[in-house]
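Here's the letter readout for the chains.
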Amino acid sequence: MEFAELIKTPRVDNVVLHRPFMPRVEGTLCLTGHHLILSSRQDSNEELWLLHSNIDSIEKRFVGSLGTVIVKCKDLRIIQLDIPGMEECLNIASSIEALSTLDSVTLMYPFFYRPMFEVIEDGWNTFLPEQSFKQIESSTDEWRLSYVNKDFSVCPSYPPVLAVPKSIDDETIRKVATFRHAGRFPVLSYYHKKNGMVMMRSGQPLTGSNGRRCKEDEKLINATLRAGKRGYIIDTRSINVAQQAKARGGGFEVEAHYPQWRRIHKTIERSNILQESLIKLVEACNDQSHNMDRWLSKLEASNWLTNIKEILTTACLAAQCIDREGASVLVHGTEGTDSTLQVTSLAQIILDPTSRTIRGFESLVEREWLQAGHPFQQRCSQSAYSNSKPKWEAPVFLLFLDCVWQILRQFPCSFQFNEHFLILLFEHAYASQFGTFLGNNSFERRKLKLPQKTVSLWSWVNRPQDTERFLNPLFEANSLVIWPSVSPQSLLLWEGVFLRWNRSSKCLDEAYDEMIHIIEHNKELQSKVNTLRRQLAELETEDVQLETP
Amino acid sequence: MEKLTAGAGGGGYSAEQGSAVPGVVRKPPRPLGAGLGSSRQPSVEALESPSGSHVEWCRQLIAATISSQIAGPVSSEAISRDYKVSKRPPLPALRDGNRLAQMEEAPRFPGESIKAIAKDVMYICPFTGAVSGTLTVTDYKLYFKSLEREPPFILDVNLGVISRLETIGVQSHGENSCGMEIVCKDMRNPRFAYKQEEQSKLEIFENLTKHAFPVSNDLPLFAFLYKEKFPVDGWKVYDPVAEYKRQGLPNESWTISKVNSNYELCDTYPALLVIPTSIKDEDLRRVVAFRAKHRIPVLSWIHPESQATITRCSQPLVGPSDKRCKEDEKYLQTIMDANAQSHKLTIFDARQNSVADTNKAKEGGYESESFYTNAELTFLEIPNIHVMRESLRKLKEITYPVIDEAKWLSNVDSTHWLEYIRLLLMGAVRIADKLESGKTSVVVHCSDGWDRTAQLTSLAMLMLDSYYRTIKGFEVLIEKEWISFGHRFAVRVGHGDVNHTNSERSPLFVQFIDCVWQMMRQFPAAFEFNELFLITILDHLYSCLFGTFLYNSEQERVKAELHTKTVSLWSYINSQPEEFTNPFYVNYENHVLYPVASLRHLELWVDYYVRWNPRMRPQMPVHQNLKELLVIRSELQKKVDELHREASTRSLSSSSDRGSSPSHSATPVHTTV
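Residue numbers (our numbering), protein chains in the order written: chain A, 1 to 549; chain B, 550 to 1222.
Note that these hints are calculated values from the structure, not bench results.
Idealized CB from N, CA, C, for every residue including glycine.
Any given hint could turn out to be false.
As the list claims (entries may be wrong) - Here are the in silico distance ranges between beta carbons for each label pair: (1) N902(B) with G64(A): 50 to 58 Å; (2) T267(A) with R942(B): 32 to 40 Å; (3) S963(B) with S238(A): 46 to 54 Å; (4) Q720(B) with Q135(A): 56 to 64 Å; (5) K391(A) with S963(B): 36 to 44 Å; (6) S963(B) with G196(A): 45 to 53 Å; (7) K943(B) with I239(A): 58 to 66 Å; (8) R698(B) with S238(A): 34 to 42 Å; (9) R942(B) with P20(A): 56 to 64 Å; (10) T28(A) with P799(B): 38 to 46 Å; (11) T354(A) with E724(B): 52 to 60 Å; (12) D13(A) with K943(B): 54 to 62 Å.
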């Protein structure tokens, strides 16, 4: 298919662009296959390049022959284009609509994007499962890598390489896979070096209404327990939801068959409810009505912060079981691709200082989200402005990032990265020139040949000159387990995302710059002190040498 | 970045961090010469220590969280919400003092004396449960200490903060069958239980009742007994002539008048007033008679470029019959004429239009646009003091002691507290913008011109003039717009007065400080002072430790010889400005700040209102961290200079004294910074 077919009017002059906190710009609007471009042709800075895939929805209005297209983006920004001429306006609008809702993944921009920078370290190879397993191998020999899924036949949403208990052979695993939702058998998610406890994740067991059991499943998860120790199964669904799942072939681990495990039910909402929550939240944030009555009530009614609280609480619980109870944990919900991953990844932020570094966090996103099979393509195809009824869309990953932000806010010096890094991941999960977040799982990514055909986000972020922007100047390594507070007065709305286009951040940025300035200055002084000390020491040695005959 | 360590021992914790700590009194003024902060500053030598101060902070924070919220099915249901984590002896004296002091004695300020001590009193902590200990009542505070916990549990509440004492029934506390609830003005209500009919208990509560309300018991306020000496005299902070001079006054249109030097013209105004030069004395008398409480329009602030002014006054006494006063009309015309840039004058009436109409029936009213030509009248629709009092009362209800987690936000909403903050900020923005963009002079009044008027003029001045955003400037602003112009602090706060139901009480000043905090949040680099500065001001608004917020007017203060008999809060603050300095400060000189007055961008000031709640996550304050960095910066700078000097002398000496015996290396380089 040629993009040209979809572009009815490639160019319109005298278009006026309105953006939040920027002066209006008049210029020429151009549509290309992947971008909406507005150029004033006077000053190269005054340009807008907007990925079509970032467009969530558009609205058009007419006053006489002057048309207005309001473009609502997935990063929650809203821009307005005044386009002279009704026909041009209609053409532009329908072209944008078509280009922003392309079905085929291979038509997406990452397949066309050629980096303007030299790829020094290919991000597609930076976080291979074998590498992260090496870390675990150095502290324990109870686990091994299994290639049972190398052709994705055992579990299509799992990567080809997975860590499983050493004592369990591939044949057993195959059987366990038939007993777990979508073949998602329990795999190692995190190894807590401090006490050797582990966190695993999986899909729900397929007990069904007649209480099917699977000896191999029991054997597998029991293999992770120390002698005489109990473990915890954290089910991210309420007991009622879990009960209902039985009727559809799903279910949960009953005590009788898993006597060494204690099951705890928590309630993390499912994707469609989360999507509604996001829509309500963004509506409240964008409400322009003047009296803005009952803002806090609206914020509360969106339930966004309640969802944050539930997720964080469950993650804290998992971390608590591991670190304080000295027990191993298995986490699952229904599929094990959404709330499960929120819990396992946040528990690692709490427990593992490495995951609070830039590399460590990238690795976490790679392992616990991308390789673990969170369906990014489905979840992030629409954001809060979409008019179409959501199918699989849900801000599961955004909620995870928001939770990380809450912890970052509470421990502002314990993270190597800053808020901008989290915002970057949010933006790229929804629309990007990079291939990292395309596809729903490793299998799809391999079929699409993403590593060969697209550039990884990590290839760009990890270039030293680009990383700098995301470094937290206050970072000091903190090896502690960090327990966030989840009481409502401690949780805040993430203004950097949700009010980003509603208020100018100029003054906040200036304070941030001042902070960097202080720190930079201290570094300079520090090196001066070091140099002088060295010089002095040299002088002293000289003296001593002169003294000794 | 280098690692930091917060100095020696357990003292390495700042008052700032302590701000959210329940039960710990905000750090009271240290005795003079107690080594100001020396123990808490990170020293260069300590820099290489393996864990930064923030890690230590995190450790404390985490312990607090673990004890307060981590629960769930894993651990038992018994969750002790403990503050012991952040609990530490508030005074160095306690830490280092003798055993006896360790045991019971309350630390005292110079001039403070113990009135009664009772053992075996039970403090019913709403968060951690009951704890038994010794209760001491002095003429300044009540001090409860329990050795049942480790470290000892201390509750230190100054008496000034007490609004009322109430006997309550307590069950399930064994033989401690009598109870007392201490309702405080600062958002908490500690409760005690004790055995009935025991002499020492009766005595202590008698003393409490007496000294908590000294005014009602013909006793002096503690500020008159307080004998602390500070190196800086805070009473010298505000000199009206100097402040007007800074503004470029007097000038040809405005004069600094002594017409009120004996407070005869208006007893609630200061002695010095800035009024139009051309006004004749007999005309002025007529204006005086036409304004409520004789509060005539006087200048608060003049724009350095446009000469547009903020003038403040009370409502005109128009009454039901639409009385006019030609002199008053002329007076406002003169104010307008003093500013050549505009041919308009804007009158901001802070009240709700409907209320202003009601006032008309009671001899009050507002300027009619048809009599005051060229004037436009705008109502800012801000509710009165009773509404504000009620709003804060509701806020306390939902924050202390228990927070309903599920309804937290909608409960905050239902208090309308933030809505009123928004109204105030918006009103002040309109005033500031009228001057700055419209180059138009404004007149601000409400009914009496000492509540909402003070809030609005001071906020607008804070937006317009960067001087007021410095520590000194802010002190001047409070002294001028609030204290000297007769905001009735004694009545609004009810200092030492037992009559808690007095409907004249209202937290207007708290509201103003909250607005300042909101601005600080939006412009983190524009203010020289920090959050601790604001909280300290609010704490001493109630404490009666300093004379600053006592009495209702300048006249009363002069009569009470306040400046010689009490200490100013600014003496305390200005003796240790580094405690109250914002490390981000970059001075937005010549910048007018327009805060976004939208509810979305306002936040409940939890660090103040919810600070007694142990589940309140005290933030690891970034600015605290930065303050340490600034200290390190200056230490490093010193080191650099020192080493420079040393290197140059050494290179001199080593070139000249070559061969001679250089003594044992004079300055061993033993630490790597």
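Hints versus structure:
1. N902(B) with G64(A): 50 to 58 Å: The hint (50 to 58 Å, Cβ to Cβ) is violated, given that N902(B) and G64(A) are roughly 39 Å apart.
2. T267(A) with R942(B): 32 to 40 Å: 35 Å, holds
3. S963(B) with S238(A): 46 to 54 Å: 29 Å, violated
4. Q720(B) with Q135(A): 56 to 64 Å: Holds: the Cβ-Cβ distance is about 58 Å, inside 56 to 64 Å.
5. K391(A) with S963(B): 36 to 44 Å: Between K391(A) and S963(B), where Cβ atoms are some 38 Å apart, the hint holds.
6. S963(B) with G196(A): 45 to 53 Å: 50 Å, holds
7. K943(B) with I239(A): 58 to 66 Å: Cβ of K943(B) to Cβ of I239(A): about 37 Å, so the range 58 to 66 Å is violated.
8. R698(B) with S238(A): 34 to 42 Å: Holds, since R698(B) and S238(A) (Cβ atoms, about 38 Å apart) stay within the stated range.
9. R942(B) with P20(A): 56 to 64 Å: 39 Å Cβ-Cβ, so the 56 to 64 Å window is violated.
10. T28(A) with P799(B): 38 to 46 Å: Roughly 59 Å apart at Cβ, these two residues miss the hinted range, so it is violated.
11. T354(A) with E724(B): 52 to 60 Å: Cβ of T354(A) to Cβ of E724(B): about 56 Å, so the range 52 to 60 Å holds.
12. D13(A) with K943(B): 54 to 62 Å: 58 Å, holds
Violation of the numbered hints given earlier is confined to hints 1, 3, 7, 9, 10; the remaining hints are satisfied by the structure.
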